[in-house]
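As you go down the protein sequences, you meet chains A and B in turn.
The first sequence lines up with residues 0 to 586 when you count with numbering that gives the first Met the number 0.
The second sequence lines up with residues 0 to 586 when you count with numbering that gives the first Met the number 0.
There could be a bad hint or two in this list.
Since the list gives no way to pick one copy over another, a pair counts as held whenever it fits inside one copy or between any two copies.
Below, computed lysine to aspartate or glutamate pairings styled on DMTMM-like, alpha-carbon distance capped at 25 Å [what the hints assert, rightly or not]:
| id | residue 1 | residue 2 |
| --- | --- | --- |
| 1 | K64 | E491 |
| 2 | K17 | D245 |
| 3 | K286 | E436 |
| 4 | K216 | D547 |
| 5 | K152 | E479 |
| 6 | K585 | E575 |
| 7 | K216 | E575 |
Hints are computed from structural coordinates only; laboratory data are not their basis.
Being a predicted model, the structure only gives us computed values, none of them experimental.
Protein chains: 2
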Amino acid sequence: MHRTHNCGELRPEHVNQKVTLSGWVQRKRDKGGMIWIDLRDRYGITQLAFDESKTDAEVLKRIEKIGREYVIKATGTVIERYSKNNNIPTGEIEVFPDEIIILSQSETPPFTIEDESDGSDELRMKYRYLDIRRNPVREALMLRHKIAQETRKYLDTFDFVEVETPNLIKSTPEGARDFVVPSRMHPGSFYALPQSPQTFKQLLMLGGMDKYFQIVKCYRDEDLRADRQPEFTQIDCEMAFVEQDDIMKTFEGLMKHLFNQVKNIKIETPFKRMTWHDAMDKYGSDKPDIRFDMEIHELTSLVQNQGFKVFDMVEYVGGICAKKAASYTRKQLDELTKFVQKPQIGAKGLVYVKCNEDGSFKSSVDKFFDAEALKKWADAFNAEPGDLLLLLAGDKRKTQEQLCELRLEMGNQLDLRKPGTFAPLWIVDFPLLEWDEETQRFYAMHHPFTSAKTEDNGFFDTDPGKIRANAYDMVINGVELGGGSIRIHNREDQARMFKLLGFTTEEAESQFGFLMNAFRYGVPPHGGIAFGFDRVCALFGGSDSIRDYIAFPKNNAGRDVMIDAPAPIANTQLSELELKLNLKPKH
Amino acid sequence: MHRTHNCGELRPEHVNQKVTLSGWVQRKRDKGGMIWIDLRDRYGITQLAFDESKTDAEVLKRIEKIGREYVIKATGTVIERYSKNNNIPTGEIEVFPDEIIILSQSETPPFTIEDESDGSDELRMKYRYLDIRRNPVREALMLRHKIAQETRKYLDTFDFVEVETPNLIKSTPEGARDFVVPSRMHPGSFYALPQSPQTFKQLLMLGGMDKYFQIVKCYRDEDLRADRQPEFTQIDCEMAFVEQDDIMKTFEGLMKHLFNQVKNIKIETPFKRMTWHDAMDKYGSDKPDIRFDMEIHELTSLVQNQGFKVFDMVEYVGGICAKKAASYTRKQLDELTKFVQKPQIGAKGLVYVKCNEDGSFKSSVDKFFDAEALKKWADAFNAEPGDLLLLLAGDKRKTQEQLCELRLEMGNQLDLRKPGTFAPLWIVDFPLLEWDEETQRFYAMHHPFTSAKTEDNGFFDTDPGKIRANAYDMVINGVELGGGSIRIHNREDQARMFKLLGFTTEEAESQFGFLMNAFRYGVPPHGGIAFGFDRVCALFGGSDSIRDYIAFPKNNAGRDVMIDAPAPIANTQLSELELKLNLKPKH
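Just need the whole structure built from these sequences, with the hints factored in.
Given below as structure tokens:
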């Protein structure tokens, strides 16, 4: 062992002990006569002190060469510091070395290894191994470790069995695009990397495993958005002989356990529940941030047919009431208008009503509506003097989604989305299906294995869009952490679902024949949930970006810029796989 | 919840309670007037009892239809059994149901769901989800779960951090063949699936993570042998600022912990250590089963130049002494000769010497050697009256390997390889390099990142084959469970190693440039180990086959016969990847 202690553990009780520390040179300070080195490892920083009049000449010569990020091994005596540093746990002592060994030299790193680095994102990704030396990155990875261990501990306690499902499986065209893996032993055939272990975990239930979980890598070949990764990690779970409430109870328990163990925060169970329709109507989103109220209210009937064409010609008029924001200036209101007009949001304009402290109203539609009318609007929101009403108009769902964005923006501006506050809820009663105008067909809102609510069975023949699913999402602070459903567990229902999704019998058979066949042999009712583990980590860490919680993430183009992957392969490899490149001409 | 209790938990104290159980019908017995159903779930079996004179007619009608593997839900009263079954924990009670719901029907399964099934391997793999219902398979998966959890617990206690490394990486032609993944966003480029997280874990050490572990899927596109899988799982670990002894101590500690927690067996630490050369000389193998002695002894000088040509013309004569086996019959000895002559072993013939109880000798070479000569051989083995000497001759290493096979066979025949006995050891001082006659070059015996023993530095220029590595394998009962090494941690040594392995500077740069570059910025001395997790499970479970411990294994052709993968993909998929099949004509 190249050390007797780590750089975070020496305390006054170690004074006079001979110790050996190893680590990286964080900083060297030379104050004429005295030299100090801050030696860093994962556990902390310990100060090494050298006195030009006392330290061995050989040691002094050696430390002269040492620069930042050198790895050294220092043996010496622990002494009490004259000027203590209360900012670090080792701040009461320092080590006075009589031997120094340079274990590894370092060139000047491409960016500073400090909490706040001067390196750009791309540079830090290229040298991720240096980035990991920085406290915030290391702490993010250790938080991830802690959450993983506590998740397993909780699930193990409840008799869940961790089962590894295969990663070389079969491609299924439904859903997102698969990554595929050519088979050398079976030329012309391909494995696919799993987008989730969905069918395997269902087969485990069918196989009697009763309770399954896995913290597992999944893969999606998507055109990457800002916060997506081609490989990501799920906490994947399934239970047999359960109903929706059993699963929700078990997994709000998991979240409560994690908050308690990892962040020492108590959260209340059971979580609030909200139907998908309510969430859309009140928050314009199926993942509302309910740390603050500011619910959306519909005003359509109240505002139409009073001569204001903008309102009269639309399906829906709705708004939010921002408490104590009547003092917003013209400039602030203009900026809000610009905000909702951004192409990503796409509103035409914004109507505001200031409920002044003196009981009067000032609105952007004073020409069309008198004080009496505006009073009625204000009453609809239970607005008080000093509040600000913000209204949007248009198609119902689209306008609600725009109001969602506006609500979150106002939440930010008014400081209502408090970091460190966590407001969990369940969204339930999702529609089973989504109609797609372009392809003129239904898609499964969750996936084709989700069961329908028994009471909605009648809609299968009459109005499939109305069928509600036994599906549920867990949402905290506007982040969808996970979702799941009670699954279909018989052949007939599964066949009906595939048919509704436009599968021919042959397609269903070739893609999911093994599952349909399995359904012949006694299937327990079952259901489960999958959490986006990267997102759980980001939520717990207080960050918006999952990338911070992944040791070696890929960039937005799906590249690992550190190892430079993907990359061309050798012709012999292609030839062994009996494949040929067929590159399209670039424009 | 479709149950109030599981099928393994009811006891006499539950008598008179109303309970609901759900599970699979293991067996239905109709004894005129009384009907019994054994209801099974993961936790056990509970007997349901129906009395034709007392049970509700509707219930009786319903159970008439029920067959094996139906999933049912039974609500009824717990009663004490008249004739108790002491073989199962629930054997003192039975449940008298007044309601039965059929949750799922079952066709007759393709094989019996019993501890000993009548299904062939291939059939059970095709219906793996039914195979998993059998106790031995379920128990194997639960053993795997337990070992995984205990591994994590131990490593977590010692401050190891579980870090996920990426699965979409870059192909490196050195070593086994990679599985590759075509990139759609970067046509013509490919990711590769990792054969191990080797370079990433080294970068984590460089990044200051200090202690890393991961239970992680790895991938090798090999022509499969009996007990290999294209995807397999490693317990992968790395530590910084350590020397070889620190790693060995930490991980024999892990094994001790696992034996203790999982099998309630105490094993002694430190483990025995043996150099690679000793292992080869004494056991003819770098993974000896030392549950029994029967060491190999070299007799070359003792037996040569005495007129027996077979011995005189070879490099090496060696043998083993099988205690108390002088009573072997002619037939048994002939079978041993046939055994060593099998093509997989390849010996020319077998020489035996019986050390008779009366002090005389009987050998297959009596024509060439007199009793005095044979006495000397016997003394070399410290043989006693009643023992049997078995000798082979030929090239040294090859003959030692043949003697290894013979020794293991004799160990089996004489019942010396006791199941439930575990004899761990470390093999150390491996050669760094292996010379390959065919390609006329050196290959790394472990991998190109393994460091050489400092004292062997001189051999780099003179005799590279003699360099010993800082490498170690953990072996238990003849199974190599894991291996590792202290890594090279500076650019110069790594460059020298790549050169020795025939890499040009450009090849080293394009494949491992990121690592060589990382070595510029302060590298801690580090090393690690990786265990074959599937093999650890098989050892603990007492099986020779890792496949029993994998939920959904692939067959020897790398196929998942359950989901029928690999399989052709759609032309649109190929076209999006800008690839074309280039199938070679089949012969």
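At most 25 Å between C-alpha atoms: does K585 with E575 qualify within a copy, between copies, both, or neither?
between (27 Å within a copy, 14 Å between copies)
Alpha-carbon proximity between K17 and D245, which holds within one copy, between copies, both or neither at 25 Å:
Classified as between: cross-chain Cα gap 20 Å, same-chain 58 Å, threshold 25 Å.
25 Å Cα threshold - placement of D547 relative to K216:
Both, since 17 Å and 23 Å are each at most 25 Å.
One pair to classify: K216 and E575, alpha carbons no more than 25 Å apart. Within, between, both, or neither?
between (28 Å within a copy, 24 Å between copies)
First find the shortest C-alpha distance between K152 and E479 inside one copy, then the shortest across copies, and answer within, between, both or neither for a cut-off of 25 Å.
within (23 Å within a copy, 30 Å between copies)
25 Å Cα cut-off: does K286 pair with E436 within a copy, between copies, both or neither?
within (24 Å within a copy, 64 Å between copies)
Within, between, both or neither, where K64 and E491 count as close if Cα-Cα is 25 Å or less:
This pair counts as between: shortest inter-copy Cα distance 20 Å, intra-copy 76 Å.
The structure is consistent with each of the numbered hints, conforming to all of them.
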